[in-house]
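There are 2 protein chains.
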Amino acid sequence: MVRESEIREGELAVEMPPARDGGLVFIGRIRTPWTSRLQAPRQGRHDGPVCRLEIFEPWVPALKGVDFYSNLEVIYWLHLSRRDLVLQSPKNNKSTRGTFSLRSPVRPNPIGTALATLVERRGSTLLVRGLDCLDGTPLIDLKPDRCLFTPLAPPRLPP
Amino acid sequence: MVRESEIREGELAVEMPPARDGGLVFIGRIRTPWTSRLQAPRQGRHDGPVCRLEIFEPWVPALKGVDFYSNLEVIYWLHLSRRDLVLQSPKNNKSTRGTFSLRSPVRPNPIGTALATLVERRGSTLLVRGLDCLDGTPLIDLKPDRCLFTPLAPPRLPP
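Keeping their order, the protein sequence lines are chains X and E.
Residue numbers for the first sequence follow this note's numbering, beginning at 1 and rising by one.
Residue numbers for the second sequence follow this note's numbering, beginning at 1 and rising by one.
Keep in mind the hints are simulated off the structure, nothing from the lab.
The reader is advised that the hints may include incorrect statements.
Which copy is meant is left open, so a pair is good if it fits within one copy or across any two.
[To be verified] 25 Å max Cα-Cα, derived DMTMM-like pairs, lysine to aspartate or glutamate:
{"id": "1", "residue 1": "LYS94", "residue 2": "ASP67"}
{"id": "2", "residue 1": "LYS64", "residue 2": "GLU15"}
{"id": "3", "residue 1": "LYS91", "residue 2": "GLU120"}
{"id": "4", "residue 1": "LYS91", "residue 2": "GLU54"}
A quick note: this is a predicted structure, and the numbers were derived from the prediction, not measured.
Take these sequences, add in the hints, and give me the full structure.
Take a look at the structure:
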């Protein structure tokens with residue numbers, strides 16, 4: 001069931017504390033084919049449509065070497081989500097689960113993570129597959145997939 | 001090589017824009033054996049030491065059902081990291097890579113992600129293995145590992 005922002009039976013909302021423990025800067029914007037939550041898939045697929053990660057200045061030089069990796073971890077901000085639910089009812093049937101046992105976009109810090117397949121870099125834009133987010137979603141980080149990445153610096157000796 | 005906060009030869013710093021596009025609330029604190037960056041491992045290991053995720057109120061009810069999952073995605077805030085480097089030299093040898101092609105803690109939004117193995121839940125605390133972060137690191141989200149999680153709501157029909 002797709003939620004706009006209503007609370008369902010059995011769900012629990014808390015008073016949301018001020019969200020100023022840490023501040024984010026949007027490093028780019030994600031362009032996808034989905035303009036409404038009614039259309040977006042629940043999880044990305046590696047054979048899904050090509051989406052675009054448009055990187056903003058001054059961060060474009062930080063893309064150097066990114067095309068070395070076939071898979072990237074994409075971290076984004078689910079800007080339309082409410083943040084105050086601790087118990088949620090995904091099936092809207094009164095049965096609830098805790099927010100931290102779900103990958104729902106509704107969470108105290110609405111951060112989404114996805115593993116995307118890199119198709120091509122074009123200047124300040126990356127073409128990728130595997131996303132499920134709405135068109136216009138703010139981008140907050142990109143990292144090589146941890147399974148592919150080996151630290152470049154030498155390992156530290158045990159203390 | 002371990003960085004405190006110096007800039008190395010060949011690295012490129014930019015003027016950091018104000019970080020107020022999105023605001024975070026710390027949902028808990030991570031307790032690990034590592035109190036200095038000289039000791040912390042570069043990547044977590046699933047046979048590494050047991051660490052604790054201490055969840056703060058009002059978020060404790062959001063843990064309901066979390067012990068159903070053997071692996072959790074842990075998202076945290078690398079509170080000691082500088083944020084303004086776009087080119088970095090992991091080996092400190094003048095050769096640089098873009099920040100988005102590294103998993104370095106130094107990044108515009110210093111968000112770390114790890115896949116941890118859940119050992120046990122004890123009230124508002126989760127015992128996990130697989131982390132590499134410093135003791136006291138602020139926690140910002142917990143999700144079931146995407147590989148284990150199947151959405152509970154029915155799939156959407158293609159538009």
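Worksheet entry | Intra- versus inter-copy proximity for ASP67 and LYS94 (alpha-carbon distance at most 25 Å) | between (46 Å within a copy, 20 Å between copies)
*What label fits LYS64 with GLU15 when the C-alpha limit is 25 Å: within, between, both, or neither?*
The answer is between: 18 Å across copies meets 25 Å, while 42 Å in one copy does not.
- Query: Between copies, within a copy, both or neither: which fits LYS91 and GLU54 at Cα up to 25 Å?
  - Reply: Neither way: LYS91 and GLU54 sit 34 Å apart in one copy and 29 Å across, limit 25 Å.
- [ ] Please work out whether the CA atoms of LYS91 and GLU120 approach to 25 Å or closer within one copy, between two copies, in both situations, or in neither?
- [x] neither (38 Å within a copy, 27 Å between copies)
Against the hints set out earlier in the document, violations occur for numbers 3, 4.
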